[in-house]
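K.L.:
Here is how the chains run, residue by residue.
Protein chains: 2
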Amino acid sequence: MIGNAPFTAAEYDRRLTLTREAMQRAGLDAIFVTDPSNQAWLTGYDGWSFYVHQGVIVTQKREPIWWGRHMDMMGGRRTCWMDHANILGYGDHYVQSTEIHPMQDLASVLKTRGLEKARIGVEMENYYYSAKAHEVLRTNLPDAHLSDATGLVNWQRLIKSEDEIGFIRKAAGITNNVMQIALERAESGMRKNDLVADIMHAGITGVGDDWGDYPAIVPLTPSGLDATAAHLTWNGDKMRAGEATFFELSGCYRRYHAPLCRTIYLGTPPDQMKRAEEAQLEGIAAGLDAARVGNRTCDIANAFMAVMVNHGIEREGRMGYPIGLSYPPDWGERSASIRSEDTTVLQAGMVFHFMPALWMDTWGLETTETILITEDGPAEPLCNIDRKLFMKA
Amino acid sequence: MIGNAPFTAAEYDRRLTLTREAMQRAGLDAIFVTDPSNQAWLTGYDGWSFYVHQGVIVTQKREPIWWGRHMDMMGGRRTCWMDHANILGYGDHYVQSTEIHPMQDLASVLKTRGLEKARIGVEMENYYYSAKAHEVLRTNLPDAHLSDATGLVNWQRLIKSEDEIGFIRKAAGITNNVMQIALERAESGMRKNDLVADIMHAGITGVGDDWGDYPAIVPLTPSGLDATAAHLTWNGDKMRAGEATFFELSGCYRRYHAPLCRTIYLGTPPDQMKRAEEAQLEGIAAGLDAARVGNRTCDIANAFMAVMVNHGIEREGRMGYPIGLSYPPDWGERSASIRSEDTTVLQAGMVFHFMPALWMDTWGLETTETILITEDGPAEPLCNIDRKLFMKA
Numbered sequence: 595m596i597g598n599a600p601f602t603a604a605e606y607d608r609r610l611t612l613t614r615e616a617m618q619r620a621g622l623d624a625i626f627v628t629d630p631s632n633q634a635w636l637t638g639y640d641g642w643s644f645y646v647h648q649g650v651i652v653t654q655k656r657e658p659i660w661w662g663r664h665m666d667m668m669g670g671r672r673t674c675w676m677d678h679a680n681i682l683g684y685g686d687h688y689v690q691s692t693e694i695h696p697m698q699d700l701a702s703v704l705k706t707r708g709l710e711k712a713r714i715g716v717e718m719e720n721y722y723y724s725a726k727a728h729e730v731l732r733t734n735l736p737d738a739h740l741s742d743a744t745g746l747v748n749w750q751r752l753i754k755s756e757d758e759i760g761f762i763r764k765a766a767g768i769t770n771n772v773m774q775i776a777l778e779r780a781e782s783g784m785r786k787n788d789l790v791a792d793i794m795h796a797g798i799t800g801v802g803d804d805w806g807d808y809p810a811i812v813p814l815t816p817s818g819l820d821a822t823a824a825h826l827t828w829n830g831d832k833m834r835a836g837e838a839t840f841f842e843l844s845g846c847y848r849r850y851h852a853p854l855c856r857t858i859y860l861g862t863p864p865d866q867m868k869r870a871e872e873a874q875l876e877g878i879a880a881g882l883d884a885a886r887v888g889n890r891t892c893d894i895a896n897a898f899m900a901v902m903v904n905h906g907i908e909r910e911g912r913m914g915y916p917i918g919l920s921y922p923p924d925w926g927e928r929s930a931s932i933r934s935e936d937t938t939v940l941q942a943g944m945v946f947h948f949m950p951a952l953w954m955d956t957w958g959l960e961t962t963e964t965i966l967i968t969e970d971g972p973a974e975p976l977c978n979i980d981r982k983l984f985m986k987a
Numbered sequence: 595m596i597g598n599a600p601f602t603a604a605e606y607d608r609r610l611t612l613t614r615e616a617m618q619r620a621g622l623d624a625i626f627v628t629d630p631s632n633q634a635w636l637t638g639y640d641g642w643s644f645y646v647h648q649g650v651i652v653t654q655k656r657e658p659i660w661w662g663r664h665m666d667m668m669g670g671r672r673t674c675w676m677d678h679a680n681i682l683g684y685g686d687h688y689v690q691s692t693e694i695h696p697m698q699d700l701a702s703v704l705k706t707r708g709l710e711k712a713r714i715g716v717e718m719e720n721y722y723y724s725a726k727a728h729e730v731l732r733t734n735l736p737d738a739h740l741s742d743a744t745g746l747v748n749w750q751r752l753i754k755s756e757d758e759i760g761f762i763r764k765a766a767g768i769t770n771n772v773m774q775i776a777l778e779r780a781e782s783g784m785r786k787n788d789l790v791a792d793i794m795h796a797g798i799t800g801v802g803d804d805w806g807d808y809p810a811i812v813p814l815t816p817s818g819l820d821a822t823a824a825h826l827t828w829n830g831d832k833m834r835a836g837e838a839t840f841f842e843l844s845g846c847y848r849r850y851h852a853p854l855c856r857t858i859y860l861g862t863p864p865d866q867m868k869r870a871e872e873a874q875l876e877g878i879a880a881g882l883d884a885a886r887v888g889n890r891t892c893d894i895a896n897a898f899m900a901v902m903v904n905h906g907i908e909r910e911g912r913m914g915y916p917i918g919l920s921y922p923p924d925w926g927e928r929s930a931s932i933r934s935e936d937t938t939v940l941q942a943g944m945v946f947h948f949m950p951a952l953w954m955d956t957w958g959l960e961t962t963e964t965i966l967i968t969e970d971g972p973a974e975p976l977c978n979i980d981r982k983l984f985m986k987a
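Chains as they are written, first to last, in my numbering: chain A, 595 to 987; chain B, 595 to 987.
If we strip away everything but chain A, and leave its shape as in the complex, we get:
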């Protein structure tokens, strides 16, 4: 470990080397990384400060620089592995000002580092790199060549190290506990927010010494018609007999996730739903079997969809994404996708949330797994909750 950063110097070296090689292939002298997950992956930086402009500057030779609000430099010193001289801050008068912009300060920093005319990659498709930020940076670095490096770091994160897999296994342990509590306590008459309170309590408590961190997405727990929508959050309504509720939940261990979905029906599910369950479970088994080294992400999606077609169920679209280290608003890694258009070749150490949920007209059925691509054989699901539609009288 270096300082308070969660991984070893060797692990950060591995990450930097991968990133620098990718920069070289892309013809970049430097990158400015705004995705908080990428920042944390490279430097260890961890704080809820991404609502102001901040980022990491990576060049071929120098130690990375963390740059952010002056007030957050202390957080940078507490969490990053780099020398304190490489934690830089801009003044508070830049924050949410309409007169001046933090990117003016960043431009000065880049100039001071001799990057005035450099080829600099920026993450143009990221929550934390606004259209305005790009415009101001471009204006203030007229001789630099800014180009889009979205995903450059994300793709380096696809194959996890042993240490990272260890973190994800701990997150999966927390997920097991959280899902167990959700399934045990859900019952007719229970207010949904009270159930979510218990879910969150279990997630943050964690398991033994594995204390729980905040997941990048809040618990998704919709019932009945709300469950036909993919991303509604809870309210104070009571759970009712005759309704399905799906739980999309993840434990989080030091920012690493292991999402899982299960569905519970209070009462006796309609036949159509039972048939869909059967198809979905068969499809998931086919997907896991296709999730082998050398196959592609599309093979997982296609294996699942072939089973659906056999059962006469229409299901298209994306059904999974790589997961690992993440910050709100998304726990996906935003590189590969499990979908028929995606041809990423599977390698050992990749971890995906395989998510072939079914959203129908009057109910949703979410049964998913966090899976690890192994050296040989089918993918290993990392959680251990029964894979089925749960029912309760």
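By construction, these hints were calculated from the structure, which means they are not laboratory data. Everything numeric in this text was worked out from a predicted model, so none of it was measured. Hints may contain errors.
Chain copies aren't distinguished; within one or between two, either way the pair holds.
To be verified - Under the rule of at most 20 Å between Cα atoms (straight-line distance), these lysine to any residue pairs were calculated in the SDA-like manner:
1. 832 with 803
2. 832 with 804
3. 982 with 712
4. 832 with 599
5. 868 with 956
6. 832 with 801
7. 655 with 678
8. 986 with 608
Following the hints, complete the assembly by docking chain B onto the known chain A.
P.N.:
Frame of chain A, contents of chain B only:
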């Protein structure tokens, strides 16, 4: 109420009228609103789907349009007040694709609505409007005039309606409960994550029928040296005697917030901290007294700082912001600021998080209030937790 939206038709009319007047002043035919808080404020839309591109199109005459991922149209129908014909979706193949971009679909929608050559405002400084989104939209609407409308809607939110103040009071009730629990349970030897689990549980449970929603920022609860940094989140370390811990927490009622900070010291605080407490409380009282209709936001900041100067304490920078409806990653409204450079004139119905925290070399002292600007007299703090440095043996 209209459908499941939380406010009345009259309230949404009020909001639309304010927004359209601001558009007219800015010379805009249409705006495309990406800030999830602005979307919810205008339409009622509420879901954790802002991690993909989505937004609201407002023109002078037509009912607003909610546009997002096809999968989230169902959520739009469940939560927005508009006619279902005005809930539009784009296909899943656009999601996080490197080949095509959702903004291509948005450009088609705008063209179909006769906005091909329109003057369209976009929120260039927003988490959910990326540099790439802007580039693609501009390329696909070559004859439109896109301009920066960041803050246009946010500024209309500054003065709250009675209904909104009612929501914020409910949030404040939840905050009281959450803070009480944090202060009661904090003790030497308690793991920080266990305390956060209790905090979250109380926040989501809510108070009576006022069920708790997720706050836009997770509980910030750092101790000791970590509390000298502004935005570190928790870990599994035990709380210890001889350390200060600050709690920055908010209850949330249907996306409305009422943040509050208090600090607790386990043991006997150093004299320097006691003196800072005295100065801070005097400064807050001066700030509240300056927070009157007709005064300006800078008057609040200056009143506080004048007291600090008298006590020989250096404190600059921003010390507050408007609050209300919000989504991660920030519960501030991103319009006015309480700081010496800001000259916004205070009006009745404005609500701020007045946040004159002190971060020193070895400890942090956060004591803050959510305040309502009233018709006459000083501002009204909406929470009722004792304003002091808490101590426990």
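K.L.:
Failing hints, ascending?
P.N.:
Hint check: 3, 8 fail, others pass.
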